[in-house]
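Chains W and Y supply the protein sequences, listed in that same order. Numbering-wise, the first sequence is residues 1 to 111 according to this note's numbering. Numbering-wise, the second sequence is residues 1 to 111 according to this note's numbering.
Hints may be right or wrong, so weigh each one.
So the derived label-pair ranges between C-beta atoms look like this [claimed, not checked]:
hint: 1; chain 1: W; residue 1: Gln81; chain 2: Y; residue 2: His10; range: 25 to 31 Å
hint: 2; chain 1: Y; residue 1: Asn50; chain 2: W; residue 2: Ser28; range: 22 to 28 Å
hint: 3; chain 1: Y; residue 1: Ser73; chain 2: W; residue 2: Gln45; range: 18 to 24 Å
hint: 4; chain 1: W; residue 1: Asn27; chain 2: Y; residue 2: Glu14; range: 35 to 41 Å
hint: 5; chain 1: W; residue 1: Gln14; chain 2: Y; residue 2: Ser66; range: 22 to 28 Å
hint: 6; chain 1: Y; residue 1: Phe74; chain 2: W; residue 2: Val70; range: 40 to 46 Å
hint: 7; chain 1: W; residue 1: Gly41; chain 2: Y; residue 2: Phe74; range: 33 to 39 Å
hint: 8; chain 1: Y; residue 1: Glu14; chain 2: W; residue 2: Gln60; range: 23 to 29 Å
Because the hints were derived from the structure by calculation, they are not lab data. Predicted, not measured: the structure shown is a model, and the values here were computed from it. From the three backbone atoms N, C-alpha and C, an ideal C-beta is built for every residue, glycine too.
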Amino acid sequence: GESVGLHLPTLSVQEGDNSIINCAYSNSASDYFIWYKQESGKGPQFIIDIRSNMDKRQGQRVTVLLNKTVKHLSLQIAATQPGDSAVYFCAERNTGNQFYFGTGTSLTVIP
Amino acid sequence: DAGVIQSPRHEVTEMGQEVTLRCKPISGHNSLFWYRQTMMRGLELLIYFNNNVPIDDSGMPEDRFSAKMPNASFSTLKIQPSEPRDSAVYFCASREGTSLHFGNGTRLTVT
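Given these sequences and hints, build the entire structure.
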């Protein structure tokens, strides 16, 4: 029979534009969040993190925003490049010190 | 720093056979995690160790799955007997402090 899999949210952006990837997390007690990038054939790689006592953190070309009221996390990538094409995951750390991952968003950068 | 090292990169086996996946965490990291990634369920936490001691194995799907960490530099995930539905990419990750560092995974195919 036909297999049903996760339908990853997808985002296509033009090279040079800004990208915004969103994530909803589940546990209001989670105190730490990370964004990961996963390229084909590789493991997830750390991009940026944020603690629950912050609402914004900036890195090089990336910014993470945290809205605890609605349990929402976003990753903004400035001036998106072809090398940014990948699947992006958010992860939350719960009170048991374990990390749980979202389903991911597939980003495609159009040259 | 060589990062988290997993072996083999690919494993193809027949149903009923025993499979052993191996992981060498980053030196000095005191926590180790095993994750499974499938299209159906995304990234799932199977088990994690702290200072070589299993802390939470509630994610291990069945008794056919077992994991060991005999020392700080080595861990195994064993499936015996393997079944086709075990086909997935298995990731090992290690941590010291906050963020997780992933290996490049073992792609397991059970026919």
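* To do: May I ask which of the numbered hints given earlier this structure violates, with the numbers listed in increasing order?
  => Going through the list in order, the structure violates hints 5, 7 and 8 and respects the others.
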